[in-house]
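Protein chains in written order, with this note's numbering: chain F, 1 to 235; chain Z, 1 to 292; chain V, 1 to 258.
Please keep in mind that the hints were generated in silico from the structure rather than gathered at the bench. In this text, a Cβ means the ideal position worked out from N, Cα and C, and glycines have one as well. Please note: incorrect hints may appear among the correct ones.
[Unchecked claim] Here's a subset of chain V near chain Z, in silico, CB distances under 10 Å, partners left out:
1. Val-63
2. Asp-90
3. Val-106
4. Gly-113
5. Leu-116
6. Gly-125
7. Arg-144
8. Arg-150
9. Ser-151
10. Phe-152
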Amino acid sequence: MATPLVVSEVAKSFTMHLRDGIKLPVVADVSFSLATGECAVLGGPSGAGKSSVLKMLYGNYSVDYGQIIVEHGGQLVDLASASPRTVLAVRRDTIGYVSQFLRTVPRVSALDVVAEPLVARGEGREPAREKARELLSLLNLPERLWMLPPATFSGGEQQRVNIARGFITSHPVLLLDEPTASLDAVNREVVVGMIAEKKKQGVALLGIFHDQDVREAVADRIIDVTQFAPARIAA
Amino acid sequence: MNIADYNFAYLDEQTKRMIRRAILKGIAIPGYQVPFASREMPMPYGWGTGGVQITASIIGPDDVLKVIDQGADDTTNAVSIRAFFKKVADVAVTTETAKATIIQTRHRIPEYPLRAGQTLVYQVPIPEPLRFLEPRETETRKMHALEEYGLMHVKLYEDIAKHGRIATTYAYPVKVEGRYVMDPSPTPKFDNPKMHMSPALQLFGAGREKRIYAVPPFTEVVSLDFEDHPFEIQTFDQPCALCGAENVYLDEVILDDKGGHMFVCSDTDHCEKRQAEGHRGHLAPEAMEPAE
Amino acid sequence: MTDEPLLRVSALSKYYGARLGCEDVTFDLWPGEVLAVVGESGSGKTTLLNCLSTRLTPSSGGVSYRMRDGSWRDLYRMSEAERRFLMRTDWGFVHQNPADGLRMTVSAGANVGERLMAIGDRHYGNIRSTAVDWLSRVEIGKDRIDDEPRSFSGGMRQRLQIARNLVTGPRLVFMDEPTGGLDVSVQARLLDLLRGLVTDLGLAAIVVTHDLAVARLLSQRMMVMKDGYVVETGLTDRVLDDPRAPYTQLLVSSILQV
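So that you can see chain F by itself, here it is in the shape it has in the complex (with noise of 0.2 Å):
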């Protein structure tokens, strides 16, 4: 099986000038590699760094030490030292991510803030928006509000627009931040089927799930973040 990420050595920390810079470790020593169509999950309890981790992945945060090699294009990379618009471009064709809240642009409708992702790979726009319209009605979200901003919705619509964004393309390597978080069992259970389905698709996943049920159904394995809990400082 083929490894599209490769963490090694990655470690982080916050220093908070505001507060006469004291210096926050998060994570240390982070390596782990992950292979085509399996679903990792990050585990561990609340303050662990696992959105820390999924966030230095996909360039979010930056990166203290350490590498984080992907194969983009063909070439590895390393995403702790690439350039900006390297990491662009690794986002637009090779890292896809589910964040856990929805950024909304004012005045996009819901179904083109779907297809957008696919839009800016190339497709063209009616092609992507038909895709986005398959997406939005296998995860139940009403048509009529396909068409509107998605500025509006409740939390579990916001969220089930935020997953078909994220499910359109077909990145080879697809992160996961509590996805299923605010959602109903049914649409759970759609989003675990999507999950299966990518990983069919060769697609290398890595989540974090905090409900037990949906993290047993998808995962193929557990990294607890903890064993990546920095040296604590003597305090």
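For chain F, the structure is supplied; the task is to place chains Z and V on it using the hints.
Okay, now just chains Z and V, sitting in the frame of chain F:
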């Protein structure tokens, strides 16, 4: 006033030289506005101080001067300036276009075709064609220097947008020799085609604005326009009421307080000449009261 | 993405006498990329923008631009005629105050058409239909084409200014606080419009703003300035989610949450 106290043609020789240098530079760069040290003249700004200074600088004892104001030889402005030069230069004056060597004009070009050797001196109030759209002199100078004339078309665009056609009827901007955009002074656009390839030398003087510019003989003068709204001159429904002339520029003359009016040649010399040759319009005195 | 950048800025500094405007700014901008320059008043961001757009001459450093024919030109070695031509064809400049970028006494249509006429378009009908098209793209009704911007609201004026700038299909647009001074609802509409236009036209843009939300929505990359120095650069969401410089942390933590 003892006229002997004054130099020939009022201005001192140094001033004339300065103005002649400006004129020569203007002729060398057709359409370019040359700054010059405009003098106080014994008449108010707006009465043609720019034109008078040019005329004073180029006139010689053998010249024959004609002065017109809106085409007429007999209005206050024309009469005064003619009298002025008669007094300070003792030159011959005329009202006949063909006989004049220098014609100072306020806002018209004579109907009778000008010939080589004649000089037409225009009185100009505002020399800068871009002024009403761009108030900064520093900027308009730069625009001329870099040939950035898009703004001129903005003005014509506005005309068409507001009136359905180019409604500018006087001071209609022209491009001289394919380079400088120039304000032809507030002559009716009817006269614009006469400037093109004219055998006469055309000089423009703006006294208050202190600018001189020129169109040498046989120079290309093109009125700006749009492809789908080409330049057109005014046309008149009827001939001159006095001399019956067609294809000339006509003035409306009010005859009474009951709405009576007639259209007559704005060029009085042209009209009188035609009448002397026997041409008659429908309101000519002889037409109304046939000879006994 | 193209392999070559559009704009190359190297070690650009500007002093006003002994006073520092901006110091040692270096970056590349690629086609289609939007860079936000953020910082408080007096941080040097507007000085930088004015130097880049050749409205100011820098004290040292260089800016080169890749022309449409692919050749690289040093902006400050170009003749003024070339520079002005570049500014009204391949570049746009959106001012914070629309009155600075518009001709307030000529109609909306002429405001949009001016650049076309400046590059030699002489067909009234074509100019007008292009103007109608651009007005509709910035959501101004075609019944307003003959109205002067004086009769427009602030938001409409700003949209008109954008249309006026984009009509020649520029590749690079400079924006100085494009949403400053507008109501929040008007701001949102303008931002959305700008975002759409930038994406659809593949514009590169340098947006100066003190509003981090504007930066987040419009830009992919961000540069944080303080007292004339660049204190942090990077991917916009990286800078906002994980601010590293003390000043950026202060800036991010000062955002009011609604």
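Against the structure, the hints come out as follows:
| no. | hint | in the structure |
| --- | --- | --- |
| 1 | Val-63 | violated, 21 Å |
| 2 | Asp-90 | violated, 16 Å |
| 3 | Val-106 | holds, 6 Å |
| 4 | Gly-113 | holds, 6 Å |
| 5 | Leu-116 | holds, 8 Å |
| 6 | Gly-125 | holds, 5 Å |
| 7 | Arg-144 | violated, 12 Å |
| 8 | Arg-150 | violated, 14 Å |
| 9 | Ser-151 | violated, 14 Å |
| 10 | Phe-152 | violated, 16 Å |
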